[in-house]
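> The residues making up each chain are set out below.
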Amino acid sequence: MNHRGSRTQTLVGFAVLGLLCAVAAGVFYKQSRYDVSVFTVSHPAGEVRFPAAIPAGADNLESYLPDGMKPMSALEVFGRDNLSDKIDGKAELYLSSGFVSLHCRRFVKTGSPDSWVEMFVYDMGEGRNAFSVYSAQKRAGVEEAGMGSHAYRTSNALFFVHGRHYVEVVASMEGMSDELLAMGRKFVAAQRAEKNEEHRELELFPRQGLDEGSVALRSSDVFGFDRLDQTFIARYVLDGIPVTAFISRRPSAGEAEELAAAFERFLLEFGGVSVEGDLPVPGIRMVEILDTYTVVFSHGRVMAGVHECDDRRKAEELALSLYGRLEEVNR
Amino acid sequence: MTGISSENERGLNRREFILRTCKAGIAAAAAGSLGYLLHDGLGPGPSSEAGDAQVSLPDFSIPGLEGKLSIVTGMDRVKSVHLALKSLGGIEAFVKKGDRVLIKVNAAFATPPILSATSNPELLGEVVCLCLAAGAASVVVTDNPINDPGSCFALTGIGDAARSAGAQLVFPRDGFFRATTVAGGTLIRDWPLLYTPFENVNKVIGMAPVKDHHRSGASMIMKNWYGLLGGRRNIFHQNIHDVIMELAVMVKPTLVILDGVTTMMTNGPTGGSLSDLKQTGTLIVSTDQVAADAFGASLLGRSIRDLPFILKAESMGLGTSDFESLHPIRTSVG
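Note that the protein sequences, when read in sequence, are chains A and B.
The first sequence begins at 791 in the numbering used here and counts up by one.
The second sequence begins at 86 in the numbering used here and counts up by one.
Some clues are possibly wrong.
Footprint (simulated), chain B over chain A, 3 or more residues, beta carbon under 8 angstroms [claimed, not checked]:
#1 927-933
#2 960-966
#3 1012-1025
#4 1103-1113
Source of the hints: derived by calculation from the structure; they are not laboratory data.
The structure presented is a predicted model; accordingly, all values stated were derived computationally and were not measured.
Just so it is clear, CB atoms sit at the ideal spot from N, CA and C, and this is done for glycine as well.
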């Protein structure tokens, strides 16, 4: 009997063998070219090193200098892959908030080598992201910088949001406020096409007892719950008791409700206990965990609530107030 | 009817079946053997920059001096370190004549000393002087800041302080790294370690400030060994507590000096504002790096349960988180 394969079979066979050879060659090529950079120290000894790739036309930040200051170092530019080279463990905060790039550079006061500043311009892609990293790091008890609603200064530094940028100007010593403010104002003037985004969620927080400066946007892993992102948080003081409220706008009412239920389950999994209440809020849930009370509910596309309040009555009071505010805004 | 169908209809005889089976078996065996021969069970090894041979750091601790802890309160770092060392038997208990000492500082950022993001230069200078006065043959000061080491050592004041006190400042160089694997570790495996500065030393002192840290919760003594790693070490940030524990396995120092005179309470590890700092007025000197960090946690207002790396290091037998069990010597410089 003749059992030779047909021409079609032969062609298919060669095609399969060819494909296998190509795969083998690909594997051989890749395994011989593993990621060498993992094992490479990328800076020469003792030399000042700057990231190699400065994009053409990159803003060298020099135009924001006030009189009497000059560049002290070259421009440095960092992207998502090497931000931690500059700011180490804090990089995660930016990376999880949509970080695009960082331009930074040091400038020194003429004739005073110890008086220098470093300007950090973080491009966060969107104003919302810029506000997130700004609010996450906002210091307590600081002085407004007079450069818009999201700007403050401390004795040695200036921090502000402008458009999609989060900017830090940090001095080597106290007493350089004039220079810091001048640089900040020049930056804002130069980037005047950009406006600070108004966050609609801010108006959803009831005003009574609100610490206005405390409102912050958390981009991810809010309250340790990996599904909760893009959440505004605000601190209140009600009759001397601190309470934290939160608001997160979701894509749909269904998703807001589902996330509220998921957050309750998350708390219960970590030892929380459901608490029955009689608040006139549809679908409201209260969980007692570690001697604190967390309340969560949804209202339309908004998931909202009160987080870890020591006092049950104050948690309920703020939750009710928050619900009332959402009703009022929606009317 | 297609060719394939007609072929199937014809079937195989026994002889041809055995022949084809043998061919297939030989082909499979050949492919398997080739794969076995080409397989590198160790995976990608270190590049030439990391050297060819695996290295590990020796144990620099001094037998009989385990579990020593001194806590000094006061704002004067120089007086505090003198007092702390005196209470532990003096620097001579740790550094003998002819010893070659390495001090691992935190020079991670090119920031001014007032931000307390890096080791304090005045304290460093004093410790160098103490070592030399005790008869140390040499004192090396080193760190591997990923970004721009020249600027980091210069702007922090660490470079000047080390040199003027008589220490040798060692910058990281490509050839200074060797591959290391932490025994029992899952993260630090075949990883480049800043090794050359350790080659001729017999005493190691870790010196770090107390800082908040966005990922790990705190940066103190054990986290400070991170600066001995090369390569793209930021990948370990996803397992930060485990890698800190492995770092503590990797380095067994002679002595650690934890600077909590000024503590970075928020926005660490970089800080940036003086408002991130709190004058906590405490200096810790210890031979137990776990205990030092456990006490340091209290300066940050955190418990050891907030900082899992401390308990992980304790579970590895590297020290105790119950620093009170060491009966710390508490003094004050007023």
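> Now, for every hint given, state plainly whether the structure supports it.
Structure-based check of each hint:
Given a C-beta distance limit of less than 8 angstroms, the hint that chain B covers the region 927-933 of chain A holds, as 5 residues qualify and 3 suffice. Counting residues of the region 960-966 of chain A whose beta carbon lies closer than 8 angstroms to any beta carbon of chain B gives 4, which reaches the threshold of three, so the coverage claim holds. With 0 residues having a beta carbon nearer than 8 angstroms to a beta carbon of chain B, the region 1012-1025 of chain A misses the requirement of three or more and the stated coverage is violated. A stretch counts as covered by a chain when three or more of its residues have a beta carbon under 8 angstroms from one of that chain; for the region 1103-1113 of chain A and chain B the count is 0, and the coverage is violated.
Consistency with the previously given hints fails for numbers 3 and 4, ordered from lowest to highest.
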